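Trainee: If you use the UniProt record's numbering, the sequence shown corresponds to residues 1 to 130, in order.
In silico DSS-like pairs for lysine-lysine, Cα to Cα no more than 25 Å straight-line:
hint, residue 1, residue 2
1, Lys27, Lys113
2, Lys113, Lys39
3, Lys39, Lys27
Read the hints as simulated data drawn from the structure, not as lab findings. Here the structure is a predicted model, which means the values were calculated and not measured.
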Amino acid sequence: MELAQVRLLVTDFAACYRFYADVLGLKPQSGATEGPYEKFSPHTGSAGIALQDRAMMAEILDELGETATGHRSLVVLRVDDLDAYCAEITSRGAALLHGPAPMTDRMRVAHLKDPEGNLVELQQWLLLRG
Numbered sequence: 001m002e003l004a005q006v007r008l009l010v011t012d013f014a015a016c017y018r019f020y021a022d023v024l025g026l027k028p029q030s031g032a033t034e035g036p037y038e039k040f041s042p043h044t045g046s047a048g049i050a051l052q053d054r055a056m057m058a059e060i061l062d063e064l065g066e067t068a069t070g071h072r073s074l075v076v077l078r079v080d081d082l083d084a085y086c087a088e089i090t091s092r093g094a095a096l097l098h099g100p101a102p103m104t105d106r107m108r109v110a111h112l113k114d115p116e117g118n119l120v121e122l123q124q125w126l127l128l129r130g
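With the sequences and hints as input, model every part of the structure.
Mentor: Written out as structure tokens, the structure reads:
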């Protein structure tokens with residue numbers, strides 16, 4: 001078994017597309033800025049994040065036609081230099097909710113939300129200290 005992607009069901013596809021492509025700097029697979037589907041990949045690794053229009057999935061699963069409430073996901077992206085990446089994405093319009101700050105002795109994190117309110121965690125893994 002292999003994890004192919006984490007897919008987020010969104011109502012404002014265009015705003016989420018811009019966030020993952022233009023703000024976070026992930027590479028879109030096809031350039032479908034209006035949807036109903038797009039997969040984004042980081043510069044390294046094989047996992048990806050996909051967006052899918054919520055209304056499209058509601059045609060298959062009726063319960064998805066209801067308004068989403070609460071936090072239903074947390075997208076986690078690992079970066080090499082958390083401070084530099086946070087400075088880069090805030091200059092492109094991201095608003096950090098928390099951090100960069102230590103989470104454990106092995107990891108620093110920052111948190112933000114995409115236009116649909118999905119939480120995004122940015123992680124920098126640290127070497128174990130003596």
